[in-house]
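Mind docking chain B on chain A? Use the hints.
Protein chains: 2
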Amino acid sequence: MKVRVFVSLKSGVLDPQGRAVHHALEGLGFTGVEDVRVGRLIELDVADSTSDEALDEMCRKLLANMVIENYRIEKVA
Amino acid sequence: MKVRVFVSLKSGVLDPQGRAVHHALEGLGFTGVEDVRVGRLIELDVADSTSDEALDEMCRKLLANMVIENYRIEKVA
Numbered sequence: 001m002k003v004r005v006f007v008s009l010k011s012g013v014l015d016p017q018g019r020a021v022h023h024a025l026e027g028l029g030f031t032g033v034e035d036v037r038v039g040r041l042i043e044l045d046v047a048d049s050t051s052d053e054a055l056d057e058m059c060r061k062l063l064a065n066m067v068i069e070n071y072r073i074e075k076v077a
Numbered sequence: 001m002k003v004r005v006f007v008s009l010k011s012g013v014l015d016p017q018g019r020a021v022h023h024a025l026e027g028l029g030f031t032g033v034e035d036v037r038v039g040r041l042i043e044l045d046v047a048d049s050t051s052d053e054a055l056d057e058m059c060r061k062l063l064a065n066m067v068i069e070n071y072r073i074e075k076v077a
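Residue numbers (full-length UniProt numbering), protein chains in the order written: chain A, 1 to 77; chain B, 1 to 77.
If we strip away everything but chain A, and leave its shape as in the complex, we get (with noise of 0.2 Å):
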């Protein structure tokens, strides 16, 4: 089963990288970008009979940093 995580930054936590890429983005001329945020996205390869429960473990233990960063699970295939 094909899983992926997405990770971003919860809203008012500072995001450098994103800021560094908005600069960036200005930089190379383009215009009317307001905002850029950065965040990972993780793809996971697990066996079928994974929990939904499993998978959330994964997520608050190791894949995201339930101080700062929000998470979302989307099934795949």
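Bear in mind the hints are in silico, worked out from the structure with no lab data behind them.
Among the hints, erroneous ones may be present.
Since the list can't tell identical chains apart, any single copy or any two copies may satisfy a pair.
[Stated by the list, open to error] Result set (DSS-like, lysine-lysine): computed pairs, CA atoms no more than 30 Å apart in a straight line:
| # | residue 1 | residue 2 |
| --- | --- | --- |
| 1 | K10 | K75 |
| 2 | K61 | K10 |
| 3 | K75 | K2 |
Positioned in the frame of chain A, the structure of chain B alone reads:
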């Protein structure tokens, strides 16, 4: 307009970060994890007038390394 860009390593490209996460999940006792790949999720807030071509160019010029990475653009709203 909110736009999400998903950047992931092309298949065949070694992913040491994914391997480390895989190893750590096993170390934490999670079984059944077969593969882990780590990519980036970039959330952009751009002007509604931004063209698809401009978004594509941003990805090619800055957000993704076209030699080793693929990208996918998703417009949210």
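Consistency of the hints with the structure:
With identical chains, the CA atoms of K10 and K75 are at most 30 Å apart both within one copy (22 Å) and between copies (20 Å). In this homomeric assembly, K61 and K10 come within 30 Å of each other (Cα to Cα) both inside a single copy, at 17 Å, and across copies, at 27 Å. Both within a single protomer and between protomers do K75 and K2 lie at most 30 Å apart by alpha-carbon distance, with minima of 6 Å and 23 Å respectively.
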